[in-house]
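Q: Sequence:
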Amino acid sequence: MSHRIVIAEDEADIRTNLARLLTLEDYEVWAAPNGREALQLVRQHLPDIVLSDVMMPEMSGHQLVRALRADPLTAHIPTVLLTAKADRSDVREGMNLGADDYLTKPFQRDELLDCIRAQLDKAATLQFAARQLASQAHQMAHFDAVTSLPNRSHLLLLLSQALREQKGQGPALWVVGLDSLPQMAQIMGVGLLDDAIRQMAQRLTLLANASEHLAESRHTVARLGEDRLVLLVPSWSPGRPLDVLALALLDAMSAPITLEGQEQFPVVSIGACALAMDGERPDAMLARLDIALSAARARSAQRMVVHEPSSTSDLSASFRLHNDLHHAVEREELRAFFQPQVMAHDSSLIGFEALMRWRHSELGLVSPVRFIPIAEDNGQIVPMGAWVLREACRQAVQWQAHLPADATPLRVAVNLSLRQFSDPYLLQHVRSTLDSTGLNPTQLELEITESTAMLDLQHTLDVLKQLKALGLKLAIDDFGTGYSSLAYLKRFPLDVLKVDQSFVRQLCTNREDQAIAGAVINLAHSLGLDVIAEGVETEDQHRLLHAMGCDQIQGYLHGKPMSAEDVAPWLINRKTNPDAVNRCVEGAR
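Just so it is clear: in the sequence shown, position 267 is 267 by the working numbering, and no numbers are missing.
Just so you know, not all the hints are guaranteed correct.
In the BS3-like style, the derived pairs of lysine-lysine whose C-alpha atoms are separated by at most 30 Å in a straight line are [said to hold, decoys possible]:
(1) K575 - K560
(2) K122 - K105
(3) K468 - K490
(4) K465 - K490
Simulated restraints, written as ranges between beta carbons of each label pair [as the list claims (entries may be wrong)]:
(5) R370 - R281: 19 to 29 Å
(6) Q127 - L157: 24 to 34 Å
(7) Q262 - R335: 43 to 53 Å
(8) L427 - L403: 45 to 55 Å
(9) L403 - Q428: 42 to 52 Å
(10) E260 - N378: 27 to 37 Å
(11) A70 - A210: 23 to 33 Å
(12) N378 - S211: 27 to 37 Å
(13) D278 - N378: 23 to 33 Å
(14) S180 - P409: 54 to 64 Å
(15) D121 - N378: 49 to 59 Å
(16) N323 - Q127: 39 to 49 Å
Simulated from the structure, these hints should not be mistaken for laboratory data.
Cβ atoms here follow ideal geometry from the backbone N, Cα and C, with glycine treated the same way.
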């Protein structure tokens with residue numbers, strides 16, 4: 001295919017000779033006597049190159065260049081100016097406007113042809129580069145860089161197509177949650193973590209290709225997010241069970257992978273859903289899938305959940321909480337509640353534990369049992385926990401105004417979630433919170449659960465040492481419910497060990513619980529740790545725990561969780577009405 005050229009030249013002889021010469025060289029040529037007509041020819045034919053005289057009536061060559069560069073359709077077309085002037089400023093003006101080259105009249109035939117070929121080659125190179133960039137941009141926009149699988153955006157396109165083309169059947173989705181990625185990230189570098197994700201993606205692809213459940217079905221494996229892989233089957237018969245394949249995936253995806261010659265056992269959860277109703281949007285279907293995965297992750301065994309249309313209302317409510325949690329901090333919907341902690345021997349107040357509450361603007365007070373797992377799963381627990389830490393420290397400073405001048409400062413205990421403890425900015429945030437609130441670090445106690453501490457022992461040790469260096473106190477919460485390594489427990493720079501309330505609940509009637517609580521107290525004291533028992537509701541429990549050597553008590557017996565506004569009146573009432581305190585003291589004796 002011959003290249004196309006538009007010529008703009010007001011001198012008829014030159015215009016005719018140029019057109020004849022270039023036609024003989026197998027170019028397709030259109031010629032105009034001025035820039036205005038040449039511009040019309042360019043817009044009509046979109047040539048490969050434009051040759052233009054500079055000095056012309058109606059529209060000069062410079063004006064033509066400006067018009068070509070201003071139009072997206074013609075901005076890329078190479079333009080060569082033909083000028084009889086040798087003035088460099090005139091040439092520079094044309095080049096500044098966007099001309100690609102210039103020839104000074106009179107020029108030789110070979111000089112003209114070489115210039116045209118050079119500009120066409122340059123344009124071809126630029127077009128190739130543009131196509132490459134467009135291809136790379138498409139790859140980046142639609143495919144995951146680590147696994148080369150379709151990403152969420154491309155999956156939505158495929159799901160939309162499946163929903164449009166459904167004929168008595170609809171799409172079905174299975175999501176594989178890679179639950180142990182946060183722990184693996186602490187242990188491995190980025191390269192090894194990416195290798196782990198690639199291995200899991202390849203495994204899912206191979207499983208889908210070999211599955212007897214998908215023998216007659218088209219399918220696509222995609223990466224939905226950082227820790228989620230998805231299997232899409234565009235056409236799935238209504239009523240056909242999803243759980244058989246889901247269980248097969250749960251079993252196969254839990255098999256170990258090999259990284260640097262060592263076996264690593266991934267923790268996975270499976271969520272699944274099929275088309276719930278005609279007209280369902282693809283994003284709504286993915287939302288149901290996400291909620292099913294969250295429900296699976298909340299299970300302690302067989303972490304697999306298939307969403308059923310009948311559960312839409314429950315999942316919709318959970319999804320609303322999932323969405324609204326992203327705005328809970330900015331909408332000032334979070335509340336910090338505080339539960340008293342007292343000494344076991346005399347019930348004297350030593351501080352409070354801060355507890356997070358969420359007062360939704362429309363739903364009212366939402367139970368922590370409902371929103372904490374969702375916040376942990378979607379990552380919002382990190383900013384929410386940061387808010388609670390700031391608020392707890394701020395309140396602890398204010399409490400001192402309601403205490404006698406010689407009173408021991410009250411401490412405040414704040415729980416750190418798994419995601420918070422894994423946050424690389426945790427230390428920085430704790431330090432800045434202490435600085436901004438003015439709280440003495442010795443008045444702050446940070447708690448992590450036993451299960452969190454045991455996930456990555458070296459990481460736990462490193463973080464606890466850094467936090468301890470700030471001067472604050474550290475506690476292990478819910479002790480006795482996990483599988484602690486005593487060797488590491490001795491190495492952790494801890495101050496307090498909290499006995500889980502599950503061992504306190506039936507303490508007065510269950511010998512096994514008494515034995516466990518006694519063993520925990522003795523273990524803590526052997527390590528030089530104080531012991532606090534949670535969930536104490538009766539004087540008998542308080543008295544027995546004190547007799548067993550427990551140092552501190554927390555529970556409804558000494559105070560329910562109360563709002564920050566209620567703490568000051570409670571402190572004043574406690575100071576002016578000590579009868580209730582005295583009863584507990586007598587009981588402890």
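Q: Which numbered conditions among the earlier hints are violated in the structure presented, ordered from lowest to highest?
A: Those not satisfied are hints 8, 9, 11 and 14.
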